[in-house]
Amino acid sequence: MCLCLEVEGMRQKQQKIRHNSHPIKYYGKGIPYVQDTEVKGRLIVIEGPDASGRSTQIGMLTTKLEADGHAVLNTGLRRSELMGEGIMEAKEEHMLGRKTMSLFYAADFADRLENKILPALRSGYIVLADRYIYTLIARATVRGLNKRWSHQLFGFAIVPDLIFYLDVKAEELVHRVFQKNTFLDYYESGADLGLSDDMYESFIIYQRRMAKEFHNMQKRYNLTLIDGNKPILEINAELQKRIEDFLNKQ
Amino acid sequence: MTEGRKDFSIDGKLIIVEGIDGSGKSTQIRLLEKWLRYIGIPVFFTEWNSSEQIKEIISIGKKKNLLTPTTFSLLHATDFAARYERNIFPLLRAGYVVLADRYIYTAFARDVVRGCSPEWVRNVYSLAVKPDIAFYFKVPVEVSFDRIVKNRPKLKYYEAGMDLNLSNDPYESYRIFQGRIIDEYESMVEPEGLTVIDGTKDIEEQQELMRQKVKEILPQQMHKNVPMPGS
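Line by line, the protein sequences give chains P and R. 91 is the number that my numbering gives to position 91 of the first sequence; each next residue is one higher, with no gaps. 166 is the number that my numbering gives to position 166 of the second sequence; each next residue is one higher, with no gaps.
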């Protein structure tokens, strides 16, 4: 009897999480050869600077979503099969210009979008993306590239269902970075921008500029700002609640 | 690539060639280069898909047939930007005559035929300066076919446009694909101001036409070194 009820309960839950398919939505012109695609999955993006706790949160969210019976795909920047290594090499050599790097990242992102994210969404996965186009746009903008150019460049990106930005104060970030490493990362400190000889100061200025760009994009891209200065569990509870509310609404 | 900065002056000249494979454009621009060097003009030559870092990635992707039209387009744009930021633009600023074997119009034609949005592709390349002269070598598909393909046992996958599923026969696919690229070029001739060269004419005759046109735009100070006919 008890067992029957439990099975019934599970059945109800299964039904609740079955997603309706909906046509794919792009920011701009989109991908013309992938226009009339229906997707069943959901795309959830977690944005935030290094050491903002993105991967911790994604790990916890994945565990919970899978426990609830969802198929989950994790994907991040710089993980495409085709270009992952190339990006690292070029970065190390400091060989490429800013526009070149921007296009390179866009190519890498497109590869992941078409070969990983899109197929997963088609088959009904919840895709948890560790950063998305917003980081790429913010980086390019901070480095002086035309914003409109960047926005149009990523017109082929799929509009996510939810976008969270973990907002952490630059001073707090520094401490978190130093808890992980003994040094500040070259690019995450904006050292290529020549902001200051003092790496600490450079990091603070750079991260503040990046945060400002995210705040600027909040409305345009419908970013949900999450106070990332709070304890991990508290943040996780908030993210989980928002995601559950969204999934239940469907 | 120059967005946000309009306060620069470009002393050099940018001359580019476009056309389908086998249209003879590479032969012609190489001859132009030899001539310019011979008369003592500072020249820089650059060609499509040739930057060290990116070329390798593109070739891996092609071998594995991993490229979608969008990644194909963006990787070529990355290659272009790498050459543009490192060579083309600074050399133009320094007063060189920069010769490019294929330029942004190659992307406008190919990527659009592959299925990318024309507006999107144009935005990607909105970073590049317009050439002073853009030669378009016009040949019928059959001429290109005879020059390039006929004597080869096998066609490359992307070269034949096999990713477009036009035909299972690579040779037939090549014909259709190149035909569509020609259509795109043709539609650009007027709006983009391409100078059309009949690629079926004799090599010497085509070269003579090009040199005449180039002489017109060489700056005075470069020009004085150019031996004029009869002088």
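By construction, these hints were calculated from the structure, which means they are not laboratory data. It is possible that part of the hints are untrue.
What the hints assert, rightly or not - List of simulated lysine-lysine pairs, BS3-like, C-alpha gap at most 27 Å:
#, chain 1, residue 1, chain 2, residue 2
1, R, K156, R, K34
2, P, K169, P, K25
3, P, K29, R, K130
4, P, K230, P, K212
5, P, K116, R, K34
6, P, K116, R, K150
7, R, K150, R, K213
8, R, K62, P, K29
9, P, K147, R, K130
K156 of chain R paired with K34 of chain R [C-alpha distance capped at 27 Å]: 30 Å, violated
Does K116 of chain P pair with K150 of chain R here, judged by a C-alpha cut-off of 27 Å? Distance ~39 Å between K116 of chain P and K150 of chain R Cα, so the pair is violated.
Is K169 of chain P within 27 Å of K25 of chain P, Cα to Cα? 33 Å, violated
Take a quick look at whether K116 of chain P and K34 of chain R sit within 27 Å of each other, Cα to Cα. Measuring from Cα to Cα gives roughly 48 Å; hence the hint is violated.
Holds or violated: K147 of chain P to K130 of chain R, with C-alpha atoms at most 27 Å apart: 21 Å, holds
Taken at face value, is the distance from the CA of K130 of chain R to the CA of K29 of chain P at most 27 Å? 24 Å, holds
Can you confirm whether the C-alpha distance between K62 of chain R and K29 of chain P stays at or below 27 Å? Given that 27 Å is the threshold and the Cα spacing comes to 25 Å, the pair holds.
CA of K230 of chain P to CA of K212 of chain P, is that 27 Å or under? 20 Å, holds
Measure nothing beyond the straight line between the CA atoms of K150 of chain R and K213 of chain R; if it is 27 Å or shorter, mark the hint as holding. With Cα atoms ~33 Å apart, K150 of chain R and K213 of chain R exceed 27 Å; violated.
Of the hints listed earlier, those the structure fails to meet are numbers 1, 2, 5, 6, 7, in rising order.
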